[in-house]
Amino acid sequence: MTATMMKKLALAAVAAGLAFPAVPALAEYPDKPITMYIGFNPGGAVDTTARLIQRNLEKELGVPVVAVQKPGGGGTVMATTLMHDKPDGYTIGMGASAAFVLAPLLNSDIQFELDGFDHIATVSYPQDALVVRADSPWNTYADMIKDAKENDKALSLSSQVSVSRLMAIAIEEKEGVKFNIVPVKGGKAGIQNVLGGHTDLTWGASGWHGQVKAGEMKPILSLGYVRNPDFQDIPTLQELGIDYAFVDTFMLSAPKGLPEDVKAKLSAAVKAALTPELAAELQSKMYLSADYRTPEETLDYLKMQREQVKPFVEKMLAQ
Amino acid sequence: MRKSDIASGLVLTVFGLVSLWLIIPVQISGHSDYGLAPDFFPRLLMWFFVLLAAALAGSRLLEVRRGAAASGAQETSPMEPADWLFIGAAAAVLAIAYLLMEYAGFIWAGVFTVFCGGLAMGNLRKHPVRLALMCLAAPVLVYMVFRHLFLVFLPT
Amino acid sequence: METILAGISDAFTLVNIGYIAFGVFMGIMVGAIPGLNGPMAIAVAVPLTYSMTPLAAVAFLIGINKGGTYGGSVSAILLNTPGSPESTSTAFDGYPLVKKGKGLKALKMALYSSVSGDIFSDIVLFTVAAPLAIIALKMGPAEMAAVFAFSLTIVAGLSGNSLLRGLIAAVLGAFLSTVGLDIETAQPRLTMGISNLIEGIPIIPMTIGLLALSEILIQIETTLLGRETDTGRNRIFSKDLPREDRRVSFAEYKSCLRTIVRSALIGTGVGAVPGIGAIVAGFLGYGAAKRASKNPEEFGTGKLEGIAATEAANSAVIGANLIPLLALGIPGSLSAAILIGAFLMHGVDPGPLIFQEHGRLVYGIFAAMFLANWINFAIGNFGLRFFALLVSVPKAIIHPILVIFCIAGAYANGNAMFSVAVMMVFAVVGYFMRKMDFSFATFIIGFALGSTFEQSVRQSVILFKDQPLELFQHPIVLFFTALTVFSLWRIARTKNRIAPVRSPDTTAPDNGS
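Protein chains in written order, with the numbering used here: chain A, 1 to 319; chain B, 1 to 156; chain C, 1 to 513.
FYI, nobody ran anything at the bench for these hints, they're computed from the structure. Every residue gets a Cβ at the ideal spot worked out from N, C-alpha and C, and that includes glycine. Certain hints may be false.
To be verified - Listed next, the stretches of chain C that the computed footprint assigns to chain B, with coverage defined by at least 3 CB atoms under 8 Å from CB atoms of chain B:
1) 92-103
2) 209-221
3) 267-277
4) 280-293
5) 330-340
6) 415-424
7) 459-470
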């Protein structure tokens, strides 16, 4: 390497080194990459939704959107991380409503509240079901309850989120049966436990559709407010006479204190990103229904969910 | 190894006892409705830890008592004063690099770190030009590789 | 049959081969750089695959995965700084070989055994995926707890000079793995009020600090304090080296074949059961080889078998991870989970129906995997020349630059300064562990197995607390419990190993511990 070449290289290095830190702070939002936390493990419904919407968001906002996995606690890990970040619109998080609605109610150690965030938009909601293995003697909810009562049998449930824990409590309360709740990490672990015959039941919003279609599993009930659009013959728990429903809706949130214009811009970007093509893709690939809501509507929806589950949470905590 | 085993055994025993009586009770709360409590495993493991650490210190102490004269002389300590100085300095360099990265960005932290590393490896005396080139080129190169190849945007 | 042939011919297009080659190349790179790893690269690469056909996309991602496991061994062998935690024990014997001037031999052995392990587990995947997946399903919480308990007994074999110190390190690792949200009550444990800790201590930044940066610090220290006279250039290419030191002869490969097959079996088993992971597989393979060997004391001094044992085991995990994924739709590992996401994005629902609905694609993937092994072999063999250049660069240049790679790599895990802090803290911890001769290998095993072991034990307690006797109807539990007891008995019988006072090797950091 000649001396002049070295000099050139050194000059280039100096120039490049100086260029980076000197970005003016005045440019219009967004002028640098946005970090999007994903509150769940890769391969699940939330993750896939986030990654599908990520490229459309990039198109809308004109900057890279970098996805960072923050799984754990059904979205609570992501929410806790997010609340400590700067509310400048460069850190947003894709999570699910249970983390915001249920976690603060159930757990005094959780540092955040439902309205401790600026929720940007609702994105989609999943089709859920409580499932059993195909060779289970139970075909319906009534079979399950009857068997448990007559044979004085505890029903074992693999549970990855508090949504299904509360469901168990609501059923215990009404029917006088007993559940053994086995905590698992992630919905797939629940599916695995049921397929392997280690627990009787698991509830999930993803992962069961293919198993049911393949005849490996049977759905018992759903926790939706209405029946699942693609699985019309699964009754909801409300139809079965228990007033508990919860739809773990996927949403984008930001730390509290987001400037209004940034929030509006992000929310509009999400709305535009949820194109009809993307909605169709979500529906066909993941059994997810696209459902855009504005920041205000999203907050109202969360509050509505909180009011609905409150009685069951109180019962659970009283135990 | 004996002296360091005794010292580290004692330090670790104290650490374990502090964890058992002060840290775990404060840092783990809650009870289980169905099975083992959340603090069951941490406590169990810490008890193991304390027993093992005490056994380490104890067994070496016994050996020293039994055959002190036999092999004690040839022993070298794994941590001489120079080692303490080195790791202290290294930790300080890392801490400064962390702060630089947080407040001035990766490139400046990188320049600083490479300079310190290069200095320690004796570059300044022998190859000052090379050291300067390394300091300037390496952080920028790493930044570019991460940004364009792995889509990781290091802080600026 | 027609589907199979159609699938295979789909795979053999120039575009696919190009993507696989690119994937393998990228995998080797990220594997070799401390801090970057296969799962991370795959996650980054998934968005790049939107425009590809499903087959090309999956083939590309699997290529990254396969390249990544070999890449990890490169930096482990050449620099004693494992690029990924699953290659930890590759460094034990690889680096001593480099010091003896046999670096090229070590690299080649790593490549051959890595590819052999890969091919083995791929063949298992192609032929017996379905029945094996059914067996894997039998692994419930109680079975997993028994398997983990047995795996923990390898701690004894990896403890190095002192079993007591090895155990202390392992217990500390397990204790630190309990930091984070409690699985049942979802309350944070031992987080000291640091919100970043609620997801636990991140393992990748931790291992970068413990394995890579602490070793670099020690090597810088030896130079700085003038404890090493040679300037630290390890020549592995020089023509003056005898030819047999630069290659792996057929006889040598053959003598490691038993080890390779044993490790490949272990890796395949570990990969087929969701939730154990390649890190544990690498250690299990190494531990088993040491246990089976007639001269276990030679391990850690530059034994080819040690490299073969680790690399065959951690590579075999890759193919086997797809067994539960394709047969059941359940990912066996983080990379497999990301692959599920990639499948879904291309409209393929992995699971029991995939063979019926997308049979042609599945056979295409099989063919692509097989192809990827040979491409890995070719690129790896060709790349050896370039990797070796790395060690012919003076350490005075390499070490400072590696430090910033460690920092950048740590940051890349979660794009957070917190990861950098974790990496730095564990670099200092690792420095003391190396100096005081506490095994960081057992520490990592304790950490990797601790939380999953706790989880499965607590699940088993909930399931069996009312009818503990039912456990006797679980043959897998009984088998592994018996195996555990047997191993413990064997360790206890040789317990005179607990106390010996061996003066440590003062010239070089002890790699065997």
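Indices of hints not satisfied (ascending): Structure breaks hints 1, 3, 4 and 5.
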